[in-house]
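Visitor: Single-letter residue listing:
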Amino acid sequence: MNRPEEELAALLREHGALIARIARSHESDRGRAEELVQDIHLAIWQALPRFRGEANLRTYVARIAQNRSVSHVARAARTPPHAPLDALGDVLPSEDASPEDAVAERDARRRLERAVRELPLALKLAVTLALEGFTPDEVASVLGISTSAAAVRLHRAKAALQERLEERST
Amino acid sequence: MTAPDWKDLERLWQSHAAAAPALRVIRKQRRRKWLSTLVLGSEVVITIAGIAFGAWFIALGTTFGLVAGGGLVVFTLFAAAASLWARRLPSVAMEESVTAALAAALRRARVSVRWGFATFWIVAASLVFYAVISFLWAAGSDYPPALVRRMLVVLGVWMLWSALAQGVAIYYYLSRARELARLEEMARALAADG
Numbered sequence: 001m002n003r004p005e006e007e008l009a010a011l012l013r014e015h016g017a018l019i020a021r022i023a024r025s026h027e028s029d030r031g032r033a034e035e036l037v038q039d040i041h042l043a044i045w046q047a048l049p050r051f052r053g054e055a056n057l058r059t060y061v062a063r064i065a066q067n068r069s070v071s072h073v074a075r076a077a078r079t080p081p082h083a084p085l086d087a088l089g090d091v092l093p094s095e096d097a098s099p100e101d102a103v104a105e106r107d108a109r110r111r112l113e114r115a116v117r118e119l120p121l122a123l124k125l126a127v128t129l130a131l132e133g134f135t136p137d138e139v140a141s142v143l144g145i146s147t148s149a150a151a152v153r154l155h156r157a158k159a160a161l162q163e164r165l166e167e168r169s170t
Numbered sequence: 001m002t003a004p005d006w007k008d009l010e011r012l013w014q015s016h017a018a019a020a021p022a023l024r025v026i027r028k029q030r031r032r033k034w035l036s037t038l039v040l041g042s043e044v045v046i047t048i049a050g051i052a053f054g055a056w057f058i059a060l061g062t063t064f065g066l067v068a069g070g071g072l073v074v075f076t077l078f079a080a081a082a083s084l085w086a087r088r089l090p091s092v093a094m095e096e097s098v099t100a101a102l103a104a105a106l107r108r109a110r111v112s113v114r115w116g117f118a119t120f121w122i123v124a125a126s127l128v129f130y131a132v133i134s135f136l137w138a139a140g141s142d143y144p145p146a147l148v149r150r151m152l153v154v155l156g157v158w159m160l161w162s163a164l165a166q167g168v169a170i171y172y173y174l175s176r177a178r179e180l181a182r183l184e185e186m187a188r189a190l191a192a193d194g
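These protein sequence lines map, in sequence, to chains A and B.
Quick note on numbering: the first sequence equals residues 1 to 170 in this note's numbering.
Quick note on numbering: the second sequence equals residues 1 to 194 in this note's numbering.
Isolated chain A, as found in the complex (with noise of 0.2 Å):
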């Protein structure tokens, strides 16, 4: 591998879950979200030479993962969808989690993946970005509003999200 490839490689060895959980945040269909991720990644690739540490490197790859998910929607082929993202089993389960615990986190964290999708698109760019545990600061440089909206958008967004929660489990 050339240097590229090696610096390509090893970023997305930090930052390839993050890069995978927005992608699932804004396609549910999992050849689709596949696709997305690659197309996250060819867009990093892409931009890592414009990279000049004026921000944090995760702050930057999640604003391409973003807006790369963005367009995807956007251009969101007509073709049917080939398999529901929940067929998927790629779960850290705790360490110290027993078979049954394993299980109940999975449906927990479909659900709450489930519950992320239905948002609306700005509550759930921001929603993504807070479960990441970015700052309201990142949060605003990523979405490109001022630090006080990121927080009231941040805000209604986790409200909104715990709401559809509770939803689910009554």
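If you are wondering where the hints come from, they were derived from the structure by calculation, not from laboratory data.
Each statement offered as a hint is correct.
Subject to a maximum C-alpha distance of 20 Å in a straight line, what follows is the list of computed EDC-like cross-link-like pairs (lysine to aspartate or glutamate): (1) Lys158(A) <-> Asp137(A); (2) Lys7(B) <-> Glu113(A); (3) Lys7(B) <-> Glu105(A); (4) Lys158(A) <-> Asp5(B); (5) Lys7(B) <-> Asp107(A); (6) Lys7(B) <-> Glu163(A); (7) Lys158(A) <-> Glu113(A); (8) Lys33(B) <-> Glu43(B).
If you anchor each label on the Cβ, the simulated ranges turn out as follows: (9) Ala124(B) <-> Glu118(A): 40 to 46 Å; (10) Val128(B) <-> Glu5(A): 50 to 56 Å; (11) Val67(B) <-> Arg75(A): 40 to 46 Å; (12) Ala124(B) <-> Ala149(A): 45 to 51 Å.
As the structure is a prediction and not an experimental result, all values here were calculated from the model.
Backbone N, C-alpha and C define an ideal beta-carbon position, used for all residues, glycine too.
Start from chain A and add chain B according to the hints.
Guide: This is chain B only, laid out in the frame that chain A set:
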């Protein structure tokens, strides 16, 4: 699950791990570059062929040759210029903020829709133009029949290519119009949700 703690939700969300097939990405990029070069190459060949045919018509030195050849050269040059213009459209930098990238994508999609619409009518007009010329030539030409047949074959090939291009233009216009509608819907949703 009732009102789960946010930290629990974060942990649950981040419990998903995925592989990172970097090499597939690079292969895909290389394939795209190759396809893009192929498309560009075929556009160059078509432009050269169009101008050559047009020059050949003009070189016949007849009124018909001047009209048909001139039309062909103008149409070919227009198509080449339109392609060049489309390629010079600013691309959306993916590392920009979501709001900026969406605005840029909207601008680009609007231009693309207009370009697709204009292309459809230009190709339609050229098809009518060459159909009328072919008919006039076949109906009342004083040229030797062998030459007329050769001319009609050339025009026929050109019109078949134009019809194919029209199919692509229609597909392009419809898909870009759908994409533009989705982007506008997303921009409205983003604006509405603060």
